[in-house]
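J.: Order-wise, the sequence lines are chains A and B. Residues in the first sequence are numbered consecutively from 1, following the working numbering. Residues in the second sequence are numbered consecutively from 1, following the working numbering.
Calculated directly from the structure, the hints in this document are not laboratory data. Cβ atoms here follow ideal geometry from the backbone N, Cα and C, with glycine treated the same way. Misleading hints may appear alongside valid ones.
[Stated by the list, open to error] Simulated crosslink set (DSS-like; lysine-lysine; CA at most 30 angstroms straight-line): (1) A:Lys156 / B:Lys37; (2) A:Lys68 / A:Lys9; (3) B:Lys95 / B:Lys26; (4) B:Lys16 / A:Lys156.
[Stated by the list, open to error] Some chain B residues judged to face chain A by a derived CB distance under 10 angstroms, without partners named: (5) Met1; (6) Tyr3; (7) Pro85; (8) Asp86; (9) Leu87; (10) Asp88; (11) Thr89; (12) Gly103; (13) Ile107; (14) Arg108.
[Stated by the list, open to error] Cβ-Cβ distance ranges computed for the label pairs, FRET-style: (15) A:Glu179 / B:Arg10: 45 to 53 angstroms; (16) A:Glu168 / B:Gly44: 26 to 34 angstroms; (17) A:Lys341 / B:Ser52: 38 to 46 angstroms; (18) B:Ser110 / A:Glu168: 23 to 31 angstroms.
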Amino acid sequence: MSAEARMAKVMRASYGRLLAILASSGGDIIAAEDALSDAFSKALIHWSKEMPRNPEAWLLTVARNRLKDIYRKDKRIEFHDEVPEPEQVEVTIDSIPDDRLKLMFVCAHPAIDARIRTPLMLQTVVGLDSETIAHAFLLPPATMAKRLVRAKTKIKASAVAFRVPEPEELDDRVSAVLEAIYGTFSRDWLAENTLAEEAFFLATLLADLLPNNAEVLGLAAVIAFMLSRQGARIRDGEFVPLEEQDPALWDHTLMQQARAYLTKAQLIGELGRFQLEAAVHAVHADRFNTGTINWDALVHLYRGLSHLAPTIGTTVSYAAALGRAIGPKEGLAALMRIDSKVRVSFAPAQAVEAHFLEQMGRTEKAAAAYDLAIALTVEAPLRAHLAAKREALTPKLH
Amino acid sequence: MRYTLLTYTRPEDFAKVPPEELGQLKGLFGAYIGALKEAGILAGVDWLQPTSVATTVSEGGDRIQDGPYADSKETLGGYMTIDVPDLDTAIAWAKKCPIAKIGAVEIRPSASEE
Numbered sequence: 001m002s003a004e005a006r007m008a009k010v011m012r013a014s015y016g017r018l019l020a021i022l023a024s025s026g027g028d029i030i031a032a033e034d035a036l037s038d039a040f041s042k043a044l045i046h047w048s049k050e051m052p053r054n055p056e057a058w059l060l061t062v063a064r065n066r067l068k069d070i071y072r073k074d075k076r077i078e079f080h081d082e083v084p085e086p087e088q089v090e091v092t093i094d095s096i097p098d099d100r101l102k103l104m105f106v107c108a109h110p111a112i113d114a115r116i117r118t119p120l121m122l123q124t125v126v127g128l129d130s131e132t133i134a135h136a137f138l139l140p141p142a143t144m145a146k147r148l149v150r151a152k153t154k155i156k157a158s159a160v161a162f163r164v165p166e167p168e169e170l171d172d173r174v175s176a177v178l179e180a181i182y183g184t185f186s187r188d189w190l191a192e193n194t195l196a197e198e199a200f201f202l203a204t205l206l207a208d209l210l211p212n213n214a215e216v217l218g219l220a221a222v223i224a225f226m227l228s229r230q231g232a233r234i235r236d237g238e239f240v241p242l243e244e245q246d247p248a249l250w251d252h253t254l255m256q257q258a259r260a261y262l263t264k265a266q267l268i269g270e271l272g273r274f275q276l277e278a279a280v281h282a283v284h285a286d287r288f289n290t291g292t293i294n295w296d297a298l299v300h301l302y303r304g305l306s307h308l309a310p311t312i313g314t315t316v317s318y319a320a321a322l323g324r325a326i327g328p329k330e331g332l333a334a335l336m337r338i339d340s341k342v343r344v345s346f347a348p349a350q351a352v353e354a355h356f357l358e359q360m361g362r363t364e365k366a367a368a369a370y371d372l373a374i375a376l377t378v379e380a381p382l383r384a385h386l387a388a389k390r391e392a393l394t395p396k397l398h
Numbered sequence: 001m002r003y004t005l006l007t008y009t010r011p012e013d014f015a016k017v018p019p020e021e022l023g024q025l026k027g028l029f030g031a032y033i034g035a036l037k038e039a040g041i042l043a044g045v046d047w048l049q050p051t052s053v054a055t056t057v058s059e060g061g062d063r064i065q066d067g068p069y070a071d072s073k074e075t076l077g078g079y080m081t082i083d084v085p086d087l088d089t090a091i092a093w094a095k096k097c098p099i100a101k102i103g104a105v106e107i108r109p110s111a112s113e114e
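I would like the entire structure built from these sequences, with the hints used as guidance.
T.: Next comes the structure, spelled out in structure tokens:
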């Protein structure tokens, strides 16, 4: 393996771990990033001559020296450029403390703008460059870079502590971290170039670091379930609803992993939003073995979810499940309990309404609801799916 | 690290508070300042008269104006400078401030290096 390839591999595997330890010592993420990128560029030169036995420890030593230079007030002294001998560094990555959890709590700190928490985590913990993040968040790279710098400057200037929160505030702080990770996954979920892998990386990392938190395990399960179905959700450019997906196309290894996270979460015995969402995914995953969907179980789970985390999305899903479990009339009635102004501006509500109206033989009303759902939808595969359902109604209209 | 907690309230909200509750609020505020002193973190404190008696000097002194610099519904009512290790500790103290219930407390880290 060339020095460059080796460096790229170390960077992918250990960037966040190295940055976390450098940043938590002085509370200065920007200085830590500068020091680490200096260490990587020195590695490019020195590793082609001789590869150090413990590359991460070598990088950490070089970066720490650089950090000392950055922190030194007297800038007239020359930066020292010597690097350790390849054989000198004895420590391995496993003996270096893992400060990534502290870094995640800093990124999702309540004093940091909620909109920048996810990008910040992707840059510092995952090691994505700001241009890739900007692309995923549909922002000009300069804008994204500016916002990231602003957040990092604030963390340093107001001395946001790199620490695991006290037990009494832990739940709230963990929720903020979970939201930030979920935000990575849920944006532009039908696009091909998503950050789904990165979200999964962050969720499993958090599950390793906080293995006794049910919601942390719940989120890891949710993301693993969603990721496992990525190959089945679009067919010929058209969105395939979950209940119509071909289970043979699901990634069953990933599904096993998801179930393992869910089981661990359930053993803790604390109900939470992500755990219930994961349970919903598990019910759908059961179709691979049973061939059917247990709609009664889904009604039950969505009812629980609308108590724990009432959102318009949950209410629509509840109505959809109820309609399948009992009948379209009951489903429609549940849907009608949503405020009409909200209902007519939320595409999934219109799609479900259209489906029930269609089943009840109210074709004209169903067609109008599909038209509205299409108008409210931006994702091309989803539009294609709704358009096909709308098209199928045309012969029945007089 | 030094942080200054700036308290903001709407004077119109204060006007609605009955006199006995106002007295109670003053008592709470006094106890709060006492707690900051007790903890040994208070580096400075003052509370201010309403902006109706403010005078503003600008343009190198060429302009002297009756009234506050910025006309806003929320006005600066006072400040406390505290010396604590990090932002979380500053937030914890700001939460305890009685003004946080009726108005807002803005936390600003010190720019001075000592």
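J.: Please go over all the hints and tell whether each is borne out by the structure.
T.: Each hint tested on the structure:
1. In summary, the hint linking Lys156 of chain A to Lys37 of chain B is supported, as the alpha carbons are separated by about 27 angstroms, within the 30 angstroms threshold.
2. Between Lys68 of chain A and Lys9 of chain A the CA atoms are separated by roughly 26 angstroms; this keeps the pair inside 30 angstroms, and the hint holds.
3. Restraint check for Lys95 of chain B and Lys26 of chain B: satisfied, since their Cα atoms lie roughly 17 angstroms apart, inside the 30 angstroms limit.
4. This hinted pair does not check out: Lys16 of chain B and Lys156 of chain A have alpha carbons roughly 41 angstroms apart, beyond 30 angstroms.
5. This hint holds: Met1 of chain B has a C-beta 5 angstroms from the nearest C-beta of chain A, less than the 10 angstroms allowed.
6. For Tyr3 of chain B, the suggested interface contact is upheld, since its CB lies about 8 angstroms from the closest CB of chain A, less than 10 angstroms.
7. Taken as an interface hint, Pro85 of chain B checks out: its beta carbon lies about 7 angstroms from the nearest beta carbon of chain A, inside 10 angstroms.
8. Of the supplied interface hints, the one on Asp86 of chain B holds, with its beta-carbon coming within about 4 angstroms of a beta-carbon of chain A, less than 10 angstroms.
9. Taking 10 angstroms as the C-beta contact cut-off toward chain A, the hint placing Leu87 of chain B at the interface holds, the least distance being around 5 angstroms.
10. For the restraint placing Asp88 of chain B at the interface with chain A, the shortest Cβ-Cβ distance is roughly 5 angstroms, inside the 10 angstroms limit, so the hint holds.
11. Among the interface hints, the one on Thr89 of chain B holds; its C-beta lies about 8 angstroms from the nearest C-beta in chain A, closer than the 10 angstroms criterion.
12. Proximity of Gly103 of chain B to chain A is violated relative to the hint, the smallest CB-CB distance being about 19 angstroms (cut-off 10 angstroms).
13. About 7 angstroms separates the beta-carbon of Ile107 of chain B from the nearest beta-carbon of chain A, less than 10 angstroms, and the hint is met.
14. The beta carbon of Arg108 of chain B comes within 8 angstroms of a beta carbon in chain A, closer than 10 angstroms, and the hint placing it at the interface holds.
15. Distance hint for Glu179 of chain A and Arg10 of chain B: a CB-CB separation of about 31 angstroms, inconsistent with the stated range 45 to 53 angstroms.
16. Take Glu168 of chain A and Gly44 of chain B: their Cβ atoms lie about 29 angstroms apart, and the range 26 to 34 angstroms holds.
17. Evaluation of the 38 to 46 angstroms hint for Lys341 of chain A and Ser52 of chain B yields a pass: the beta carbon distance comes to about 43 angstroms.
18. In this structure the supplied range 23 to 31 angstroms holds for Ser110 of chain B paired with Glu168 of chain A, their Cβ-Cβ distance being about 28 angstroms.
Checked against the numbered hints above, the structure breaks hints 4, 12, 15 and satisfies the rest.
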